[in-house]
Structure formats: C-alpha cells, structure tokens
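Numbering (UniProt numbering), first residue to last: 1 to 142.
Since the hints were made in silico from the structure, they are not lab data. Each residue gets a CB set at the ideal place from its N, CA and C atoms; glycine is no exception. Among the clues, some could well be false.
Claimed, not checked - The calculated label-pair distances, taken between Cβ atoms and stated as ranges, are: (1) K39 <-> S108: 18 to 26 Å; (2) K136 <-> D59: 16 to 24 Å; (3) T32 <-> C11: 18 to 26 Å; (4) D96 <-> M14: 33 to 41 Å; (5) S35 <-> S108: 16 to 24 Å; (6) H137 <-> M74: 28 to 36 Å; (7) K31 <-> V107: 25 to 33 Å; (8) D59 <-> V123: 37 to 45 Å; (9) E91 <-> F24: 15 to 23 Å; (10) F124 <-> F24: 16 to 24 Å; (11) R90 <-> S35: 20 to 28 Å; (12) E121 <-> T32: 20 to 28 Å; (13) E71 <-> H137: 31 to 39 Å; (14) A43 <-> S109: 18 to 26 Å.
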Amino acid sequence: MYNNRLEEYICKGMIEEAIILVRFVGGTKDKTYRSLLLKHLKATDSKILRNEIALALSDMGSNEAVDSLVEMLMHPITKGSRGTLLYALRELDYIDLISKITDFIGVSSLEVSMEAFLLLENVFGKLSDEQKRKCKHIVVQS
C-alpha cells in the first residue's frame, strides 16, 4: 500500500517524509515492505534514513536483514553511524556473523564498542567452542 509512496519519497529526496513512513511501516511489522527497505538500507546516502530503516527491519523481526545490516556495518560509508545498525541486530538471529560483529569491540566509538559487546554477551552461551575462541581472540586484541 505504501510501497510506491515510500519509493517516491526516497527517490525525490523527501527524507523527512520517508522517515515518517518507515517508522509507520516498522510499527505495523508488515514484512511486505522488507525488500524495499533492504534495497534502500544499502542504497541511501542518508545516515538518518538508513538508521530508521535498520530499526524498522529490527521491529519487524526480519532475520533476512541480518546479512545486509552486517554488510552495511562493514561498509566505510557507515563510519560514524554504526551504533544504530548494531542495536538493530539485538532482536535478530545474528549468531552466525558474531565474529564480524565482535570486530567492533574496542573501536574508538563507545556506543559502537558497547553495542558490539552486548551483542556478543547475548549469544556467548550459544556459541560453538571455535566461535568462542575466535571472539576471545578478537576481544583480547582490541
């Protein structure tokens, strides 16, 4: 229903309007918007819009977004705005990518470092011995 409108707002650079619609869509938890949100999570140059999209995907419980969220975490364009991307992973199934997330423990941003640590802490008991060893090694190096 709102797919066309959201696409139009984003393409026309109407970021404030797009953010309002993204928040609404996230609140409805309607997964029919997932592919459009994933597309713009990667494509937008707006840090604010990207963060709102990440939160909406998290609110939807969209585990399909985990790979894209982690991909964006690693992308240089998100430097300085990674805390929200990490926060968005909290309610999703990110355990397979924990070693990439753990790389952010000890970075200069307290928010990013803390979010990465909390994500590790939340799944540490579920990790394989090999995953634990890798994560411990990363943390010790930080």
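Results for each hint:
In this structure the supplied range 18 to 26 Å is violated for K39 paired with S108, their Cβ-Cβ distance being about 31 Å. Under the hint 16 to 24 Å, the C-beta atoms of K136 and D59, about 32 Å apart, miss the expected range. For T32 and C11, the hinted distance range of 18 to 26 Å is satisfied, since their beta carbons lie about 19 Å from each other. Roughly 36 Å separates the CB atoms of D96 and M14, a value that falls within the hinted 33 to 41 Å.
At roughly 34 Å, the beta carbons of S35 and S108 sit outside the given window of 16 to 24 Å. Taking the beta carbon of each, H137 and M74 are about 19 Å apart, not inside 28 to 36 Å as hinted. Remark: the range hint 25 to 33 Å for K31 to V107 is upheld by a beta-carbon distance near 32 Å. At about 20 Å, the beta-carbon gap between D59 and V123 misses the expected band of 37 to 45 Å.
At about 19 Å, the CB distance of E91 to F24 agrees with the hint of 15 to 23 Å. In this structure the supplied range 16 to 24 Å is violated for F124 paired with F24, their Cβ-Cβ distance being about 35 Å. About 22 Å separates the C-beta atoms of R90 and S35, a value consistent with the hinted range of 20 to 28 Å. For E121 and T32, the Cβ-Cβ distance of about 34 Å falls outside the hinted range of 20 to 28 Å, so the restraint is violated.
A hinted range of 31 to 39 Å for the beta carbons of E71 and H137 is inconsistent with their spacing of about 23 Å. With their beta carbons about 24 Å apart, A43 and S109 fall inside the hinted range of 18 to 26 Å.
Of the numbered hints stated above, those contradicted by the structure are hints 1, 2, 5, 6, 8, 10, 12 and 13, listed in ascending order.
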